[in-house]
Structures are given as structure tokens and as C-alpha cells.
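In case you want the letters, here they are:
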Amino acid sequence: NAGVTQTPKFRILKIGQSMTLQCAQDMNHNYMYWYRQDPGMGLKLIYYSVGAGITDKGEVPNGYNVSRSTTEDFPLRLELAAPSQTSVYFCASAGTGTSGNEQFFGPGTRLTVL
Amino acid sequence: GIQVEQSPPDLILQEGANSTLRCNFSDSVNNLQWFHQNPWGQLINLFYIPSGTKQNGRLSATTVATERYSLLYISSSQTTDSGVYFCAVFSGSYQLTFGKGTKLSVIP
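Respectively, the protein sequence lines represent chains X and B.
Taking my numbering as reference, the numbering of the first sequence is continuous, increasing by one, and the terminal residue is 114.
Taking my numbering as reference, the numbering of the second sequence is continuous, increasing by one, and the terminal residue is 1108.
Isolated chain X (complex conformation) (with noise of 0.2 Å):
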């Protein structure tokens, strides 16, 4: 299993443009979460998805934008970048089972605005 995959490693935005970032897992999770990571600080987070059709807003979602179609994917929308955007972010999936709700994380998107 390749678990959570994240695209792209890196990305840099002007003021105003948009982009997608893409997360999928194999793991047949339904639950999915999108995070973000400023320098110094813990995760915080963005939307999460308890099942395909089903998103919620988490804790900072404002300028972003997320849509789960199937159980292995959750894309990411960020519309008109601007600088407080830059930061890393991570994708995450949990199921449920012996492991309860542990979360396994991707290996995170390094964004950038300018």
C-alpha cells in the first residue's frame, strides 16, 4: 500500500491565482482531513470528509474549498492565493477498527505565495 499521497511536494503562487492540491489513499478509509502547518506550530485544521459526498468545515477553512467524489481521493481548492496561505499542508485518512481513529498523514505540500 503507498497509504496517503500527496501532489505536488512543492508549489509557489502568485497573489490572486488558484490551484488544487491533490490527496489520495488505498487504504479504504472514509475518513479524510485536510491540515495546515505554519512555521513553528502544530497541525490545525482545514475540512475533513467522514465518507464520499460528505465534507465539513474544520477549524481555518476560509479560502478553501474541498469536494469528495470517491472514498480515495480529497482535493484541496485554494482560490485567489493569497500570502497567509503559505504554509505546509498535509492530508490525512483514518478508518475505523482495532486502530480506532488513528490518523496516518501524507507526506505534506510545501506551498508558497507571493
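To be clear, the hints were calculated from the coordinates, so they are not data collected in a lab.
As the structure is a prediction and not an experimental result, all values here were calculated from the model.
Keep in mind that the hints are not guaranteed to be accurate.
So the derived list for chain B, only partly shown, Cβ under 8 Å to chain X, looks like this [as the list claims (entries may be wrong)]: (1) Q1033; (2) L1043; (3) N1045; (4) Y1048; (5) F1086; (6) F1090; (7) L1096; (8) F1098; (9) G1099.
No more than 35 Å apart at the CA atoms, straight line, and that leaves these computed lysine-lysine pairs for DSBU-like [unchecked claim]: (10) X/K44 / X/K14; (11) X/K9 / B/K1103; (12) B/K1054 / X/K57.
So the derived label-pair ranges between C-beta atoms look like this [as the list claims (entries may be wrong)]: (13) X/V60 / B/R1068: 24 to 30 Å; (14) X/M27 / B/S1007: 31 to 37 Å; (15) X/G63 / B/T1053: 40 to 46 Å; (16) B/Q1055 / X/K9: 32 to 38 Å; (17) X/K57 / B/G1041: 39 to 45 Å; (18) X/K57 / B/P1008: 29 to 35 Å.
The beta-carbon is built from N, C-alpha and C at its ideal position, and this holds for glycine as well.
With the hints as your guide, set chain B onto chain X.
The following block gives chain B in isolation, referenced to the frame of chain X:
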């Protein structure tokens, strides 16, 4: 919301030394995870430990849910242990709430 505090914020160890990292949380939790973020930024799962004690090689963790804290023990530290250690708790709202981390530097 739930608060997560980690201590110490920074720790410098000589290779071979032992250490204890602490995580305090302000409310009951359903899940607690410890992560290691290596110098390349990758988040590595160390323990899923809502309560009790677990061990994995040189690392072990104990969570005392009734007293709202968890401890991560690192024995015989190695330079590859360097990085930031995060504690994160899940209180049933779908969100993992992270502490600010403990930055560990292991020097040869």
C-alpha cells in the same frame, strides 16, 4: 475547545541519553497520538495510545487518561531521533488537536 500543552518546548541531548516528553490536555479524550516530524517534514506515527502503556523498540508511551496527561520516553537516544515530537488528541469532534511540539536535538 480542548487545549494541549507539551513540555519542554526544546530539548538538547547527548547521544545515548534518555528523555521524557510530556503532554497535558484539558479535557477527556477518545484518542491520543504521538508523532515524530523528522527534519524533512514528514510526520511519522509513533503511538496510538488513548490509555495505558505501549512500547516500540527504544520508545515507549504512557497515557493516564483520568489525570489528562501522556508521556513519551526515548531511551538511548540517537541522532536520527532529532526532530519535533507532537502530541495530538481527538475528543470526538473529528478533529485532532495538536500541541505545539517538543523540538529534540540529539548531538553526537
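To see whether the hints hold, each was checked on the structure:
1. Using the Cβ-Cβ criterion of 8 Å, the hint placing B/Q1033 at the interface with chain X is satisfied: the shortest such distance is roughly 6 Å.
2. Interface hint status for B/L1043: upheld, as the beta-carbon distance to the closest one in chain X is roughly 4 Å, under 8 Å.
3. Hint status for B/N1045: holds, given a least beta-carbon distance of 6 Å to chain X, under 8 Å.
4. Taking 8 Å as the C-beta contact cut-off toward chain X, the hint placing B/Y1048 at the interface holds, the least distance being around 4 Å.
5. At about 6 Å, the closest approach between the beta carbon of B/F1086 and any beta carbon in chain X falls short of 8 Å, and the interface hint on this residue holds.
6. The criterion of a C-beta within 8 Å of any C-beta in chain X is met by B/F1090, whose closest approach is roughly 6 Å, and the hint holds.
7. The restraint placing B/L1096 at the interface with chain X holds, with a minimum CB-CB distance near 6 Å, inside the 8 Å limit.
8. Satisfaction of the interface hint for B/F1098 is found here, the shortest Cβ-Cβ separation to chain X being roughly 3 Å, below the 8 Å cut-off.
9. The criterion of a C-beta within 8 Å of any C-beta in chain X is met by B/G1099, whose closest approach is roughly 6 Å, and the hint holds.
10. Our distance criterion of 35 Å between C-alpha atoms is met by X/K44 and X/K14, whose separation comes to about 23 Å.
11. Distance check on the hinted pair: X/K9 and B/K1103 sit about 24 Å apart at the alpha-carbon level, within 35 Å; holds.
12. The straight-line distance between the Cα atoms of B/K1054 and X/K57 is roughly 33 Å, inside the 35 Å bound, and the hint therefore holds.
13. About 25 Å separates the C-beta atoms of X/V60 and B/R1068, a value consistent with the hinted range of 24 to 30 Å.
14. Between X/M27 and B/S1007 the C-beta distance comes to about 33 Å, which sits within the given range of 31 to 37 Å.
15. Checked against the given bound of 40 to 46 Å, the beta carbons of X/G63 and B/T1053, roughly 42 Å apart, stay inside it.
16. Between B/Q1055 and X/K9 the Cβ separation comes to about 33 Å, which falls inside the hinted range of 32 to 38 Å.
17. Against the hinted window of 39 to 45 Å, the Cβ-Cβ separation of X/K57 and B/G1041 comes to about 25 Å, which falls outside the hint.
18. Distance hint check: the CB atoms of X/K57 and B/P1008 are about 34 Å apart, consistent with the given range 29 to 35 Å.
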